[in-house]
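As they're listed, the protein sequences go chains D and A.
The first sequence stops at residue 448 when you use the numbering used here, and every number in between is there.
The second sequence stops at residue 409 when you use the numbering used here, and every number in between is there.
If you're looking for bench data, these hints aren't it; they were derived computationally from the structure.
Misleading hints may appear alongside valid ones.
Claimed, not checked - Quick list of in silico lysine-lysine cross-link-like pairs, DSS-like style, CA-CA up to 25 angstroms:
(1) D/LYS282 - A/LYS406
(2) A/LYS327 - D/LYS276
(3) D/LYS326 - A/LYS354
(4) A/LYS327 - A/LYS311
(5) A/LYS385 - D/LYS334
(6) A/LYS354 - D/LYS276
(7) D/LYS334 - A/LYS395
Claimed, not checked - For each label pair, taking beta carbons as the anchor points, the in silico distance ranges come out as:
(8) A/ALA392 - D/HIS228: 50 to 60 angstroms
(9) D/LYS268 - A/TYR273: 50 to 60 angstroms
(10) D/THR259 - A/ALA350: 13 to 23 angstroms
Cβ atoms here follow ideal geometry from the backbone N, Cα and C, with glycine treated the same way.
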Amino acid sequence: MLDIKDLHVKVGDREVLHDINLHIGEGETHVLLGPNGSGKTTLLMTIMGYSQYTITEGKILFKGEDVTRMKAHERAKRGIGMLFQRPPTISGLKLGKLLNAISKTENSDIPNLAKSLHMDKFLDRDINKGFSGGEIKRSEVLQLMLQNPDFIMLDEPESGVDIENISLIGNAIGSLLEKDKRIVKRQKSGLVITHTGYILDYLETDRGHVMCDGQIKCHGNPREIMKDIKERGYRECLECRNP
Amino acid sequence: MPQPVNVPDISNADKGRLAQTGIDLSMQNRCGSYLQMDQDVVQSECTEQGIEVLPYKKAMDKYGWLKEYAWKVISPEKDDITRYVAAQKEPKGYVIIARKGSSNIFPIQACLFLGKEQIQHVHNIIVAEEGAELHIISGCASGEKVGLGAAHYGISEFYVGKNAKISFTMIHNWSENIEVYPRSASIVEENGVFLSNYVCMQPVKKIQMYPTATLAGENSVARFSSIVISPPGSYMDLGSRAILEGKGASAELVTRAITKGGTIYSRGHIAGKTAGTRGHLECKGLILKDGIIYAIPEIEGSVVGTELSHEAAVGKLAREEIEYLMSRGLDEDEATATIIRGFLDVKISGLPEALQKQIDASIDEAEKSGF
Chain D
206 MLDIKDLHVK
216 VGDREVLHDI
226 NLHIGEGETH
236 VLLGPNGSGK
246 TTLLMTIMGY
256 SQYTITEGKI
266 LFKGEDVTRM
276 KAHERAKRGI
286 GMLFQRPPTI
296 SGLKLGKLLN
306 AISKTENSDI
316 PNLAKSLHMD
326 KFLDRDINKG
336 FSGGEIKRSE
346 VLQLMLQNPD
356 FIMLDEPESG
366 VDIENISLIG
376 NAIGSLLEKD
386 KRIVKRQKSG
396 LVITHTGYIL
406 DYLETDRGHV
416 MCDGQIKCHG
426 NPREIMKDIK
436 ERGYRECLEC
446 RNP
Chain A
39 MPQPVNVPDI
49 SNADKGRLAQ
59 TGIDLSMQNR
69 CGSYLQMDQD
79 VVQSECTEQG
89 IEVLPYKKAM
99 DKYGWLKEYA
109 WKVISPEKDD
119 ITRYVAAQKE
129 PKGYVIIARK
139 GSSNIFPIQA
149 CLFLGKEQIQ
159 HVHNIIVAEE
169 GAELHIISGC
179 ASGEKVGLGA
189 AHYGISEFYV
199 GKNAKISFTM
209 IHNWSENIEV
219 YPRSASIVEE
229 NGVFLSNYVC
239 MQPVKKIQMY
249 PTATLAGENS
259 VARFSSIVIS
269 PPGSYMDLGS
279 RAILEGKGAS
289 AELVTRAITK
299 GGTIYSRGHI
309 AGKTAGTRGH
319 LECKGLILKD
329 GIIYAIPEIE
339 GSVVGTELSH
349 EAAVGKLARE
359 EIEYLMSRGL
369 DEDEATATII
379 RGFLDVKISG
389 LPEALQKQID
399 ASIDEAEKSG
409 F
């Protein structure tokens, strides 16, 4: 699904990602861990195609196609989607109107989808204006439901969300990633950033990666990595150079 | 329901331009209409009980008491525009009188169309008596053939009685050749409400106006909302003023201004002259292409117990917002237009849904061409 090869990324004059290599197969969900400021969100925004992240070397292949120079909407149309940790507030833009613009089909049942995420009362509200942490994430998931991407990046889907909402959001994301299907039938792929790991209770992941200082330093079983980090912090990761 | 308006000598293109200002020639969802082409009064009628729509001269001849209302809130000596209109031997324009307790569910439309003359002048008087509720949509447009330097001079005097309400929604669709000089003022009595909305999404050579509401009565309310886009060559000098005199009076002045290369002066003035009054002034500007947005908000408090505030911001489209929408699959132009549409979205408290829809439709029309 996604192949990142020897990727270097700059923001302004500063290189922030160095020599990233990552392969995510069809039907797989990976988890990306790492301390604050290690470059996790930068990697996701780069894959999404945000213009402030300049790819200086390497490439991003999506379903075998080179998308390295494509704009965000071209990537979105090919099936890349993202749940943002802190999406912007857009004054005057109603959530319902954006959902209509995203779906572009008359068959999508926006009211019922909104209801399933308890967002039916938010369709006439300016997007993210005065939304709580949980409401922001539910709005993000709702948009992704209509977008229906094949590859979903999730930037801390549980941050700012209370326990009750985590299960709602977790289950919805699980369904977006076809976790309810047998492994062989699963076609959707994902990449999740999490600090707490709570979301992993709802989302079985196949592989974990640890990022430090703009590099992916190690790979492995996600639960084992998470357990290690919970017990020992990221100190060992920072010391680790070549797993 | 009034009869459809029969407009002589007007092209389909001009009919389309009128429709963009909210003028409905079929008269569906309208209870009355005043149509003036250049200096000719084409139609003047209203089917709503208790509400009259009359040409200015006819109204003056019919009701002697109206003389007390002419040039009362605007001085004929105010400037060259008022002097010109006051000097006319055959004054044009309309008078709308909503009698005590009357109300119109469907708005009255007032259409002023500048087809071929150099100057169109009107003097309008709008009276809502005690407890009346009056909604007016005023569509002003010019024809395809109108020449350079043509001008519209419009005097409007509003009288909002005790417990009465007037909403006046003005949608302009002039052209780059036309100069427009509205001069309007209102006086609002106890518990009265005056809503004044202005929308201009199309080019105009020059427009200059500074409507004033004097909130004389206790707990009277005024809300001014302006939504404008200024393309290259357009010069818009817009303002609104509220004088808070009655105890508990309040005013809100809201502007959304976008320049695509034109000039916008966005003025505003609220004077709090009595304790217990409140006023807020808000101007948000967006510069899409180099032009001028010059916001001049003034708040003037002169007594203990008046509360006045203002906020003004001029900026650009946020890249983060555009790319957020692009990440959802909208291309850059769609994302930009969607954000601009949101920026212009002003919901006016107390305005009937039909008129809010008309304002929205006028902006939606501009959105179709990507603003």
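Hints, one by one, checked against the model:
no. : hint                                    : result
1   : D/LYS282 - A/LYS406                     : holds, 22 angstroms
2   : A/LYS327 - D/LYS276                     : holds, 23 angstroms
3   : D/LYS326 - A/LYS354                     : violated, 30 angstroms
4   : A/LYS327 - A/LYS311                     : violated, 40 angstroms
5   : A/LYS385 - D/LYS334                     : holds, 15 angstroms
6   : A/LYS354 - D/LYS276                     : holds, 21 angstroms
7   : D/LYS334 - A/LYS395                     : holds, 23 angstroms
8   : A/ALA392 - D/HIS228: 50 to 60 angstroms : holds, 58 angstroms
9   : D/LYS268 - A/TYR273: 50 to 60 angstroms : holds, 53 angstroms
10  : D/THR259 - A/ALA350: 13 to 23 angstroms : violated, 35 angstroms
Of the numbered hints listed earlier, those contradicted by the structure are 3, 4, 10.
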